[in-house]
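**Q** Numbering (the working numbering), first residue to last: 1 to 593.
Be aware that a few hints might be false.
[As the list claims (entries may be wrong)] Restraint ranges, calculated between C-beta atoms of paired labels, are given here:
id, residue 1, residue 2, range
1, D509, D582, 57 to 67 Å
2, V209, T157, 11 to 21 Å
3, T114, L16, 17 to 27 Å
4, R512, D450, 22 to 32 Å
These are calculated hints, taken from the structure and not from any lab test. Even for Gly, the Cβ is constructed at its ideal location relative to N, Cα and C.
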Amino acid sequence: MRLRALLETDALGLRLLGGEDELDRTVRGVMTTDLRDPSRYLSGGELVLTGLAWRRDASDSEPFVRILAGAGVAGLAAGEAELGDIPADLVEACVQHRLPLFAVNETVAFATITEHVVRQVSGERAGDLAAVVDRHRRLMTSGPAGGGPEVVLDLLTSDLDLRAWVLSPTGRQIAGAGAPLPASLGAALAGHHLAATRTGRRGPYRAAVAGSTYSLFPIRNAGRGAVPAARDVRESVLSDWLLAVEADASDWPAARLDLLQGVTQLIAVERDRRDAARTVRRRLAQEVLELVQAGAAPAEIAARLRVAAPVLLPGLGVAPQWQVVVARVDWTAAGTAGGAGVPGDIAGGPVAQALLEEILVDPAVSGPDSADRIAVAHTGEEAIALVPLPAVPAPLPETVDGPTDNAGTTDTAAGQEKGAGESPAAQDPALHADALLAAVREPLSAGLADDGRLTLGVSAAVHSAEGLRGALEEARHARRVAAARPGRVCAAGHHELASHVLLLPFVPDDVRRAFTARLLDPLRDYDRRHRAELIETLEAFLDCDGSWTRCAARLHLHVNTLRYRVGRIEQLTGRDLSRLEDKLDFFLALRMS
1 MRLRALLETD ALGLRLLGGE DELDRTVRGV MTTDLRDPSR YLSGGELVLT GLAWRRDASD
61 SEPFVRILAG AGVAGLAAGE AELGDIPADL VEACVQHRLP LFAVNETVAF ATITEHVVRQ
121 VSGERAGDLA AVVDRHRRLM TSGPAGGGPE VVLDLLTSDL DLRAWVLSPT GRQIAGAGAP
181 LPASLGAALA GHHLAATRTG RRGPYRAAVA GSTYSLFPIR NAGRGAVPAA RDVRESVLSD
241 WLLAVEADAS DWPAARLDLL QGVTQLIAVE RDRRDAARTV RRRLAQEVLE LVQAGAAPAE
301 IAARLRVAAP VLLPGLGVAP QWQVVVARVD WTAAGTAGGA GVPGDIAGGP VAQALLEEIL
361 VDPAVSGPDS ADRIAVAHTG EEAIALVPLP AVPAPLPETV DGPTDNAGTT DTAAGQEKGA
421 GESPAAQDPA LHADALLAAV REPLSAGLAD DGRLTLGVSA AVHSAEGLRG ALEEARHARR
481 VAAARPGRVC AAGHHELASH VLLLPFVPDD VRRAFTARLL DPLRDYDRRH RAELIETLEA
541 FLDCDGSWTR CAARLHLHVN TLRYRVGRIE QLTGRDLSRL EDKLDFFLAL RMS
């Protein structure tokens, strides 16, 4: 804004005392001071407000004005409340240094002038930024020359003092200005966003996390893969990005809200571009999946894998291992506040596909590059990921005296130290079911609310095309095991398929209830009446493999007390805990209850 505009605003009570030829100077901010030398707080372009407390006599005016002029301030406004008329020596000093001087009527508070200047300057900066955003949008629409969303986020920080981040639906940072957002904070913000979206409210959403307030703006996919506006919110809630701004937008003027909406539209263009880049990887996964399900010859499948490997793991010199991950999203309720419809109206495959692509990204890596090795197809209601794994290097051959190094010498101690310092898990690049969901369970549970479930199964790694069909079936079986568990977000791995756990989910519900009731209900009834903790004792006894001393120590009981409790269990149930068959029945009943 210009000085002239301030002078023409009657409510500010400004009277020009000198510098009429300088009224077209631009005001970039405002500062109130009574310091004799405020130079260290000035950056240029400010309107300086002063009550003249720094002035002791006439000789003080010229040094003060010289400092202001040297700092490049736009003008000086002196209050009349302290001295009445503005001293002539101050007027002369301002004329000498060509610094516009205003008198502020004693009825006008400096706070009134400050608020007016800040509001006007902020609005003009927002207008300038809006023009930059519009230009950047045109650049990104025509190609990647715009530099990505980071450029606009940097502008939000520098011009409007707004820190902002683009987050995935699981809270992973995709873009940001300045310091990265902590992973736990990103997950919490994503959870707030998903929960608010499920209620059908209009954004931006307000979230208070870790002592700060954030405004969350949905980023709707407006590109080729966009869903029509009348969609059920559940079709997109688990795949839409969000813009998190560290500020409370509830009292923002419409112009600033419109600006942030423009930023989200700009980022949606980038989202569409990145989705388009996934087309090749999705097509490769779809082709391999169709060959596997059709029972194609291993040689034909292997040929497609050779095509996929360089795309998913560029620069890889050897054939990788492969893992299969199967995911499914199921909706059990009919409609939400955000959209109409029944679960059958929602195509589960595409929803699970977009979600699985996000889950398989390393949560510790920001940006798009970490998603380049993920190929996900969908068939029916399932999403199926084909994940390449670099082959684990074979250990160095060992001689009788110890491992041989490159120079032909042996170093047994070094080999032992390496073996002791690296666990098998640290050397294993394979995916593990629990680890995949650890970072995303909280936000996804918010998005699934009370009517959605995500279940996921992970196969073992296979080394050839011959094993891929078995890996697919293994992942599907593991997902069924996960589906039999309680909770909104569940996963199971291949290692669980070799356990009794595989059998339990497929026991019919009526059989399960009858079996557990026959064995455990007498103990539960007795515990309710006598607070005897027989169920807890039974669990500990079985977990200690029937060892009286270990079980008594775990429960902090005397062995005789433990023997009494076990005897009571046997009496109430008619079973004998010294027999393997009865121990097994109790074990299964506890697992199924």
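**Q** If a hint holds in the structure, say so; if it does not, say that too.
**A** How the hints compare with the structure:
no.: 1; hint: D509 <-> D582: 57 to 67 Å; result: violated (24 Å)
no.: 2; hint: V209 <-> T157: 11 to 21 Å; result: holds (19 Å)
no.: 3; hint: T114 <-> L16: 17 to 27 Å; result: holds (19 Å)
no.: 4; hint: R512 <-> D450: 22 to 32 Å; result: holds (24 Å)
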